[in-house]
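K.L.:
Spelled out from the first residue to the last, the chains are:
2 protein chains.
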Amino acid sequence: MSSTTDTVNVRPDFAKCDGLLPVIAQDAATGDVLMMAYMNEEAYDETLATHRAVYFSRSRQKLWRKGEESGNVQEVVAVYIDCDRDTLLLKVNQIGGSACHTGYPSCFYREITPTGIVVHGTKVFDPEKVYKK
Amino acid sequence: MSSTTDTVNVRPDFAKCDGLLPVIAQDAATGDVLMMAYMNEEAYDETLATHRAVYFSRSRQKLWRKGEESGNVQEVVAVYIDCDRDTLLLKVNQIGGSACHTGYPSCFYREITPTGIVVHGTKVFDPEKVYKK
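Residue numbers (this note's numbering), protein chains in the order written: chain G, 2 to 134; chain X, 2 to 134.
Hints should not be assumed to be uniformly reliable.
Identical copies carry no separate label here, and so any pair may be met within one copy or between two of them.
[Unchecked claim] In silico lysine to aspartate or glutamate, EDC-like type, Cα no more than 20 angstroms apart, as pairs: (1) Lys17 with Asp127; (2) Lys124 with Glu112; (3) Lys130 with Asp7; (4) Lys124 with Glu42; (5) Lys124 with Glu70; (6) Lys17 with Asp33; (7) Lys124 with Asp7; (8) Lys63 with Asp85; (9) Lys124 with Asp85; (10) Lys130 with Glu42; (11) Lys130 with Glu70.
Source of the hints: derived by calculation from the structure; they are not laboratory data. Owing to the predicted nature of the structure, the values given are computational and were not obtained by experimental measurement.
Make the full structure from the sequences, and use the hints.
P.N.:
This is the structure:
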């Protein structure tokens, strides 16, 4: 695939979506889509500075340094921005082999089919042991 | 990868996010993430029934049958749902080779790097010719 460089920089448009932009995390090695979460501007800037995925937790209303509890951090290999500058795509190395709090490698472990769901993959950790009460 | 089937069906939780759930479209052949858009329940049901991606346009506030103007429809190969049932992942055959209104194959054609953006790929169509005024 061809690529061209441009010294113009492009920033996400945090004026949209109440300052919380959707972010897709994709496994840099396999291409599997791992999860979707949100970033505010602070999370975005910390992600770029540290090369570790930092999201904003809508339920907890604070920065969510992915893997801070489970150890399953995401090393950010590349950051892409979409045409409208309101969605981001991260290519990551998923440490620990799982992005999902359920223990499955990807949050998208269930396929919806006409005859029921198909579960893809197997749990790589037991959530009850990883997330201590 | 192992997979197991379950006759239990799972539906997206349209009670969340004001009934508009984010949907990631991924090229079924290459694994490239093509775009992100939204579905309401009507768009979701039509997508499953027709095997063509139908979104809900937030700007136009109506169903958006992807490709109805450009011809670049998305044939839906598989539908995945995330752990929280509030995000969907479609694996699609992107007819025409482009998902993006800019003419690039993917909406995520720009990589953000410390020295500027890198544009990946080349336009497969000219938007001014495809989207007639």
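K.L.:
Does each hint hold? Answer for all of them.
P.N.:
Structure-based check of all given hints:
1. For a Cα distance limit of 20 angstroms, the shortest separation of Lys17 from Asp127 qualifies neither inside one copy, at 37 angstroms, nor across copies, at 27 angstroms.
2. Taking the closest pair of Cα atoms, Lys124 and Glu112 come within 20 angstroms of each other only inside a single copy of the chain (16 angstroms); across copies the shortest separation is 32 angstroms, beyond that limit.
3. In this homomeric assembly, Lys130 and Asp7 never come within 20 angstroms of each other (Cα to Cα): the closest approach is 47 angstroms inside a single copy and 25 angstroms across copies.
4. Taking the shortest Cα distances, Lys124 and Glu42 never come within 20 angstroms of each other, neither inside one copy (33 angstroms) nor across copies (30 angstroms).
5. Taking identical chains as interchangeable, the C-alpha atoms of Lys124 and Glu70 lie at most 20 angstroms apart only when both belong to the same chain, with a minimum of 17 angstroms there against 42 angstroms between chains.
6. In the homo-oligomer, the alpha carbons of Lys17 and Asp33 never lie at most 20 angstroms apart, since the shortest distance is 27 angstroms inside one protomer and 25 angstroms across protomers.
7. Taking identical chains as interchangeable, the C-alpha atoms of Lys124 and Asp7 lie at most 20 angstroms apart only when they sit on different chains, with a minimum of 16 angstroms there against 42 angstroms within one chain.
8. Taking the shortest alpha-carbon separations for Lys63 and Asp85, only the inter-copy value of 19 angstroms comes in at or below 20 angstroms, while the best intra-copy value is 25 angstroms.
9. In this homomeric assembly, Lys124 and Asp85 come within 20 angstroms of each other (Cα to Cα) only across copies, at 16 angstroms, whereas the closest approach inside a single copy is 36 angstroms.
10. For the identical chains of this complex, Lys130 and Glu42 are neighbours neither inside a copy (33 angstroms) nor across copies (36 angstroms), given an alpha-carbon limit of 20 angstroms.
11. For a Cα distance limit of 20 angstroms, the shortest separation of Lys130 from Glu70 inside one copy, 11 angstroms, qualifies, whereas the shortest one across copies, 51 angstroms, does not.
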